[in-house]
Amino acid sequence: MNIKAQRAATVPVPATSARNGAGQLSPAGRGRRLSAWRRRQLAGWLFLAPAVAYLLFAFALPIVYNVMLSFEQTSPATIAQFTAPFAGAANYRSVFDDPTSRAAIVHTFVFTAGSLLGQFVIGFALALLFTLRFPGRTLARSLVIVPWLLPLIVTGVIFKFLFQVEGGAVNQILMDVGLAHHPIDWLDDPHLALWTVLIANIWLGVPFFTLLLYSALQDVPVEVKEAALMDGAGPWQRLRLVIVPIILPVIEVTFLLGFVFTVKVFDLVIGLTGGGPANATQLITTWSYNLSFQVFNFGQGAALNNVLLVLALICSPLYLLLSRGSLRSSSGAAR
Amino acid sequence: MSRVQKSVALRWLCTLAALAALVIVLFPVYAVIVGSFESTETLFSGTYYWLPHAATLDNYRTVIQAQSGSVLTSLIVGLGTAALALVVAVPAAYALSKYRLRVTVILVSSLLICQIVPSIVLATSLFIVFHWAHLVNSYPGLIIADGTYAVPFAILVLRAFFFSLPNELMHAARVDGASEWQTFRRIVVPLARSAVITVAVFAFLNGWGDFIFALTVLNGSTIVPITLGIYTYLGNYSTDWGAVMASAAFAMVPAGVMLVVAQRYIASGLTAGSVKG
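So the sequence lines, in the order shown, correspond to chains A and B.
Residue numbers 1 to 335, in the working numbering, belong to the letters of the first sequence in order.
Residue numbers 1 to 277, in the working numbering, belong to the letters of the second sequence in order.
None of these hints come from the bench; they were simulated from the model.
The structure presented is a predicted model; accordingly, all values stated were derived computationally and were not measured.
For glycine and all other residues, C-beta sits at the position ideal for the given N, C-alpha and C.
Check the hints yourself; a few may be wrong.
[Stated by the list, open to error] Now the stretches of chain A that chain B is said to cover, found in silico as 3 or more residues with beta-carbon under 8 Å: (1) 101-114; (2) 257-268.
[Stated by the list, open to error] Take a look, some chain B residues computed to stay more than 10 Å from chain A by CB distance: (3) Arg3; (4) Arg11; (5) Leu51; (6) Leu79; (7) Ile116.
Could you put the whole structure together from the sequences, leaning on the hints where they help?
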């Protein structure tokens, strides 16, 4: 806008020649404008170039290569050669025939569903708590995000320490208050271990839910809450009929993001149980690691990776739909 | 009067509930700090001590001797990841918000998808690709891998920020004769300082806390980040808990520092809809 205005000022065009002389003046003007447009496009592309190169190398190449690997007969010897003989769907067949892989898929579903449920219920309760005014609320809100900042492997290791059979803080307090009469084998009992991992992951994910839901609750207009109060709605009705419908979009996004990073969980399980006892806590991620990096069957590991990738990407259309605001503002208009 | 009393009581009840939640949230951190000062005998006595029992600095002596190299390694990786994220993301986010490019929608959608891709999928392939590119067991390799957490997040967060800068600002710079690069370097980047810090803090924490890529694209011999160091202390039957707790305490330091120094950047980064791990 300004450039055009300036050019108009520096190149005086007689009002009369504007129509007749257009054919004469315009090529030079358009040429200059076009070259400016081209220069800007070029600059934009140059600004993008490092990111495009990075995304191609660190995302596109591995994802494509992972698909290739999953159809190859790999062995430790083929790793150095980058390619291996074609194996058809053999890797996928072995993955689906393998009881541990199948169990890992089931565990991943249970783990993801359980985590999301637990994280949502506790996270929402805390978010509601933080909307109330009470002494120490700002401090509590800033400290509640601590689990989110710790390295995940550290969290896994700490919970391994706390859930020890003997000398573990969890068993100690349960027995001190009389909730358990003998130490519970949290990590070595195959029926219990997955629940222990689940508890640790809920602890880990609650802050994220709390934070996002809290900021959504902050945006609920006071007038709406007051109107509901005037109409004689009780606290439960206000929550269910007024507040939840308003923040529903945020709840959806939170669940979606929670899903995306729960299906990826790896470090926590490795630190806490290593996938044991007797593979009772193997998730797709940990079993895929085992296939690729412990028994060096990269083909099968890649096949299982693709199962995970499909699972994770199932929700991506929904994710893009919910993020459409961020896509739409890409039309270039400044807010 | 009783109404006031009731509301005061209710407030304190809320404080009590928040306190209970905080105890659960912070107890593991407390347990690490206490555990790191406990003697081996205490840790293996079969009793959990809520307060330090016969405190000692032995664990820290062991860990400082064995792991100071790892702390340095993790610092390098964290800073490297932050640097990579900024170099790649700041110009890209600027281009995706202020230039009308045909690829914008495709690229932003791909970035959203990139955040969904599980690290193990990338790690499996990157190990072989790195083998071929001679990047296995190298700092550049690990930093490139760790960038997969930070770069998509950084571009999306910075892009959202750049939308808030008025276009007139850039027009004015161009009218004054600034080139596209000068406009970016002298006008846009300085104004984006707070968003850049947010992104750098998260990228640093990603690099510092990464475990899966350290486990897969390193061979555990010469470059050992602190996360990998902790993992090697975990034995199947005997874990040296004292050393684990002291190194875990070191691994938590950046999170603590960031929470105190960069609190507002962390809060804004988290609400920007972050995806971690």
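Hint-by-hint comparison with the structure:
1. 101-114: violated (count 0)
2. 257-268: Coverage by chain B holds for the segment 257-268 of chain A (8 residues, Cβ < 8 Å).
3. Arg3: holds (16 Å)
4. Arg11: Non-interface label fails for Arg11 (chain B): nearest chain A Cβ at 4 Å, not farther than 10 Å.
5. Leu51: holds (12 Å)
6. Leu79: holds (16 Å)
7. Ile116: violated (5 Å)
Comparing the model with each earlier hint shows violations of hints 1, 4 and 7; every other hint is respected.
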